[in-house]
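*Asks:* Put together the whole structure using the sequences plus the hints.
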Amino acid sequence: MINVDIHAKHFGPVQVLGRVQFDIAPGETVALLGPSGVGKSTILRIVAGIDTQFEGTIVRPDALAFVFQEPTLLPWRSALDNLLLTQSGLDRQTALAALDRVGLASKEDAFPGQMSLGQQRRLALARAFAGSPDLLIMDEPFVSLDPKMAEQMISLTETLIKEARPATLFVTHAKAEAERLADRILEVKGQPATLCSLQ
Amino acid sequence: MMIGMRITTVLSIIGLFGLWIIAAMLTNDPQVLPFPWALNAPFRQELASGDLLFHLGATLVRVVWAFTLAMGLGCVLGFIMGRCPKINRWLDPWLVVFLNLPALVLIVLCYLWIGLNETAAILAVTLNKIPNVATMIREGARALDQNLDAMAQVYRMSWFARIRHVIVPQLAPFITAAARTGVAVIWKIVLVVEFLGRSSGVGFQIHLYFQLFDVAMVLVYALSFISVMLIVEWVLLQPWERRVRRWRSA
Numbered sequence: 102m103i104n105v106d107i108h109a110k111h112f113g114p115v116q117v118l119g120r121v122q123f124d125i126a127p128g129e130t131v132a133l134l135g136p137s138g139v140g141k142s143t144i145l146r147i148v149a150g151i152d153t154q155f156e157g158t159i160v161r162p163d164a165l166a167f168v169f170q171e172p173t174l175l176p177w178r179s180a181l182d183n184l185l186l187t188q189s190g191l192d193r194q195t196a197l198a199a200l201d202r203v204g205l206a207s208k209e210d211a212f213p214g215q216m217s218l219g220q221q222r223r224l225a226l227a228r229a230f231a232g233s234p235d236l237l238i239m240d241e242p243f244v245s246l247d248p249k250m251a252e253q254m255i256s257l258t259e260t261l262i263k264e265a266r267p268a269t270l271f272v273t274h275a276k277a278e279a280e281r282l283a284d285r286i287l288e289v290k291g292q293p294a295t296l297c298s299l300q
Numbered sequence: 058m059m060i061g062m063r064i065t066t067v068l069s070i071i072g073l074f075g076l077w078i079i080a081a082m083l084t085n086d087p088q089v090l091p092f093p094w095a096l097n098a099p100f101r102q103e104l105a106s107g108d109l110l111f112h113l114g115a116t117l118v119r120v121v122w123a124f125t126l127a128m129g130l131g132c133v134l135g136f137i138m139g140r141c142p143k144i145n146r147w148l149d150p151w152l153v154v155f156l157n158l159p160a161l162v163l164i165v166l167c168y169l170w171i172g173l174n175e176t177a178a179i180l181a182v183t184l185n186k187i188p189n190v191a192t193m194i195r196e197g198a199r200a201l202d203q204n205l206d207a208m209a210q211v212y213r214m215s216w217f218a219r220i221r222h223v224i225v226p227q228l229a230p231f232i233t234a235a236a237r238t239g240v241a242v243i244w245k246i247v248l249v250v251e252f253l254g255r256s257s258g259v260g261f262q263i264h265l266y267f268q269l270f271d272v273a274m275v276l277v278y279a280l281s282f283i284s285v286m287l288i289v290e291w292v293l294l295q296p297w298e299r300r301v302r303r304w305r306s307a
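Heads up: the sequence lines are chains A and B, in that order.
According to the numbering used here, the residues represented by the first sequence are 102 to 300, in order.
According to the numbering used here, the residues represented by the second sequence are 58 to 307, in order.
It is worth saying that the hints were derived from the structure and are not from the lab.
Being a predicted model, the structure only gives us computed values, none of them experimental.
Among the hints, erroneous ones may be present.
Just the calculated beta-carbon pair ranges, DEER-fashion [as the list claims (entries may be wrong)]:
#, chain 1, residue 1, chain 2, residue 2, range
1, B, Leu287, A, Gly214, 26 to 34 Å
2, B, Val292, A, Gly157, 51 to 59 Å
3, A, Ser137, B, Pro296, 40 to 48 Å
Footprint (simulated), chain B over chain A, 3 or more residues, beta carbon under 8 Å [said to hold, decoys possible]:
#, stretch
4, 142-155
5, 160-167
Every beta carbon over 12 Å from chain B, so not counted as near; a handful from chain A, in silico [said to hold, decoys possible]:
#, residue
6, Val105
7, Arg120
8, Asp124
9, Ser137
10, Gln194
11, Leu197
12, Asp201
13, Ala251
14, Lys263
15, Glu264
16, Ala265
17, Lys276
18, Ala277
19, Ile286
20, Gly291
21, Thr295
No residue lacks a Cβ here, since even glycine has one placed at the ideal position from N, Cα and C.
*Replies:* So this is what it looks like as structure tokens:
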């Protein structure tokens, strides 16, 4: 069980988050929905342990993966190395299988700069799932993709989540995405931001 | 394209020699400026005696020591200053002072405080170069991608893996620039250090032939060491730069 209990988060004198409290059960997918700039990504960064300057407590598993808004790959390393270097203990065959699973079977030696944005996002997704995470965090993973590509990525993500069944927390401002992928939707709103349940 | 660039380089060097020949004709005094081909005999004489290789070697060893120390310490200092604003606030005034301290002052002070020995010579050169390296690396450290930092943190990359695969590749253009300017500057300072207080090296020989007003020998030693440094540039630095930039052009 993942337990999030944030009492407050400040950026300088400005309080951006108020009380934010929720749990995620193993295998459950939770969406955080809300307008841009309300503090959704800040919640994700706190849950992931990237931002430690907050009041509250987070209980999370060690094995977690993060899909960032941008692919956030190592541009100077090949697609295969992007998996092997970020997932300790991952062997080459498993990494190749992970690339194959997202449709990048022939791209193992390609640098991210040689790939399209869609392929880079697939690679980021492969990296996230390659380590079999207990908690998957995604920060608007389908933003800035054209509708066709976004649909492909949502389908692929949906399939991968169903296969691996990690606890998943993701942020979106598209209600349709949230309704399609999530078991539960939490709306982030207000200043400082707090949560309310939509579903 | 590549062939065109090489032809331009060759023509440029021929032009430089042409200028030299014209200047030698105008001065019309081999003691002031000999023709390029007039250096052949003194060059062969120094090579045959072993003096040229001995002094080139002595200078090269000092350059390697000073370069290694300046790059190592400068990279660490620059990285820490780029990543820790508090430390940067403390050390930035020092950096400004050392950047503006003339090389000659540091050399003289090192010789006065430590003595006329190798330690003082190498330390003087190293201290002269560290501020430049630190300044360049500090800019690189400030420009590090925070998202990649976060990614490395989330995926629990080891300390060594972060340095090797996340940080160093981002700093590579800055390290390369610092290394190339470092080599160019360091060997010139090494010559001054040798000129002022060593009994071996190209700088010492130039000092000797300066006193004898032997322009040909001064040019033989200077051009020999320029050749060595060009070989270092072409054989080591440029291939290394191409390697670290490989992913950009892929």
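*Asks:* So, for every hint listed, does it hold in this structure?
*Replies:* Against the structure, the hints:
no., hint, in the structure
1, B:Leu287 <-> A:Gly214: 26 to 34 Å, "32 Å, holds"
2, B:Val292 <-> A:Gly157: 51 to 59 Å, "57 Å, holds"
3, A:Ser137 <-> B:Pro296: 40 to 48 Å, "47 Å, holds"
4, 142-155, "holds (count 4)"
5, 160-167, "holds (count 4)"
6, Val105, "16 Å, holds"
7, Arg120, "25 Å, holds"
8, Asp124, "21 Å, holds"
9, Ser137, "18 Å, holds"
10, Gln194, "20 Å, holds"
11, Leu197, "19 Å, holds"
12, Asp201, "21 Å, holds"
13, Ala251, "21 Å, holds"
14, Lys263, "23 Å, holds"
15, Glu264, "20 Å, holds"
16, Ala265, "16 Å, holds"
17, Lys276, "27 Å, holds"
18, Ala277, "27 Å, holds"
19, Ile286, "24 Å, holds"
20, Gly291, "26 Å, holds"
21, Thr295, "25 Å, holds"
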